[in-house]
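Participant: Fit chain H with the ligands to the supplied structure of chain Z, relying on the hints for placement.
Those protein sequences? They're chains Z and H, same order as listed. Take the first sequence: its position 252, counting from 1, is numbered 252 in the numbering used here, and each next residue is one higher. In the numbering used here, each residue's number is its place in the second sequence (first place is 1) plus 1000.
None of the hints are false.
In silico DSS-like pairs for lysine-lysine, Cα to Cα no more than 25 Å straight-line:
(1) H:Lys1115 / H:Lys1080
(2) H:Lys1100 / Z:Lys293
(3) Z:Lys219 / H:Lys1100
Calculated directly from the structure, the hints in this document are not laboratory data. All of these numbers come straight from a predicted model, not from anything done at the bench.
Chain by chain, the residues run as shown.
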Amino acid sequence: MKRCRMLTGVNTTAPTRLPVLLPSAAATIGAARRERHEGTFRLNLKLWHGGALLLLLLIFLGVAEAANGTREGPWAILWRWKWFVLQGFGLNLLISFLAMALGTVAGAVLGLMQVSLLAPVRTSSWVVTQFFRNSPWLVLLFTVMLLLPFEIEIGDTVFPIPDWTKAVIGFSLPIMANLSEVVRGAVISIPSGQWESSESLAFSRRQTIWMIILPQCFKRMIPPWMNWYCILAMATPLCSIMGVEESVTHVSQAMAAEDNRPDLLTPFYSFLLLIHFVYTYPIARWTISLERKFAVKL
Amino acid sequence: MAWDESQPMVSINDVHKSFGELKVLNGVSFDVMKREVICIIGPSGSGKSTLIRCVNALNTIDKGSITVQGQEVHDPKLDKLELRKKVGMVFQQYNLFPHKTALENVMMAPTHVLKQDKAEVEERAYKLIKKVRLDGKERSYPGELSGGQQQRVAIARSLAMNPDVMLFDEVTAALDPETVKEVLVTIQELAEDGMTCMLVTHEMGFARELADHIYFTDRGIIVEHGPPVTFFTDAKDPRTKEFLSQIL
Ligand SMILES: Nc1ncnc2c1ncn2[C@@H]1O[C@H](COP(=O)(O)OP(=O)(O)OP(=O)(O)O)[C@@H](O)[C@H]1O
Ligand SMILES: [Mg+2]
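Same shape as in the complex, but just chain Z:
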């Protein structure tokens, strides 16, 4: 009767698998899988982050207002400059949209090259991806800014290249590389059975990728794609260092116009942070809820 012996963990559940640990184990595994899948951190914005920013703004406004003598109060000053700051923020948004669009197209192509059957295509796209993924954004930005001419001549007409368009290109490079990884990760996360069954139905590789694999990847790519957009949107003020007339540049110009009063420092910058938060928070929350929704289905 040897083969009838009950083996713990084989015929029965091993006692080490405590049921109470299952939910947290599942969560840990899920988070690890997600991060490996995306190769990035999740922008985990909480509502209280915004609350804290608002509090900071109000406290420092209040303090400055109270300590204020006969000069114009900081609140009035901030109010006067609000459109100027928001206008700068508009450029941040424009840069983020265009860089995202460019990065998405380039990243999709690069990502598909990474799953090519041709070794040279695969290797070269992998090298490009890793290079831009692991370079500091600021360095990429500087390089693009300095390498691109400030104008180009086509025929008789001279087209100026404004700094902000260079910033678009500079930001699109790391986005491209990271989205390339998102595409690759999504493709390889499709179970091998899908490849095998479409192969054995005589689908060509091209058909398999376009009809079977990518449609299944699409949903999984949306949350990481949105997450990268949030990261990008928050990173756009980096280009203020190059003198692009975006929100941070506008804030410092406004403060300079107000004689760089130190009591304006915190109100202005926390106002700016608040604007960024108000824009990014809903997208970050939406990303997380989409992710939950798709996770159940797959």
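Facilitator: Then chain H with the ligands, alone, in the frame of chain Z:
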């Protein structure tokens, strides 16, 4: 070289295959005639899946030859896609396309691979789904179907290509005992219609009833084979006896 029905549908000759250091197939040979149903049984890891996957070139072989309708499968010049149009395969894990309905799953390959007329394919797909007793489930997604139902859609999906040979790799192994039967009945009907079938299975009762010939593999070789009557009652090889005593 023209192939006719007096020659084997599938012919396997001295096939060797290793994954790196691991020798999985060590010289396997047998023939499958048209309309024949053969079962491959054997312990886990003995190379059953590997062998069956070589027949439609999902795996390559290192040495030997496999022909389907007289055509060498492992000829580098062979158009694999042409071969796979003739050889259908069903997997243990169903592998249906989760983003497509049952009907679309069945229709996809004929419309996109064989480029057949869509209306015609649809009509045939309805018939096939009816044949596997799933009428009414045409618009269901795989996620909404039970394991047994999914597996029957997978069978219908393969049949839609009008294959000459069907390969089944432990297609009931992931199912619970009640649903095993509905899938086996489908395969049985298929066999009775004259389809050439190669099955890897652990369902001994099924093999005994349906198979024309049974092959027992162990460590990459066929250690015993024969028609079910002699195979189950008169096994000579000690490994076969041991295996049969465990599962019968
Ligand atoms: N792609 C692969 N790469 C490396 N080793 C493999 C690969 N596929 C199979 N093997 C190994 O080859 C051996 C035979 O595998 P195979 O799947 O053919 O066995 P099997 O008889 O089908 O077993 P089971 O009954 O468990 O399905 C196993 O040891 C397996 O680990
Ligand atoms: Mg197997």
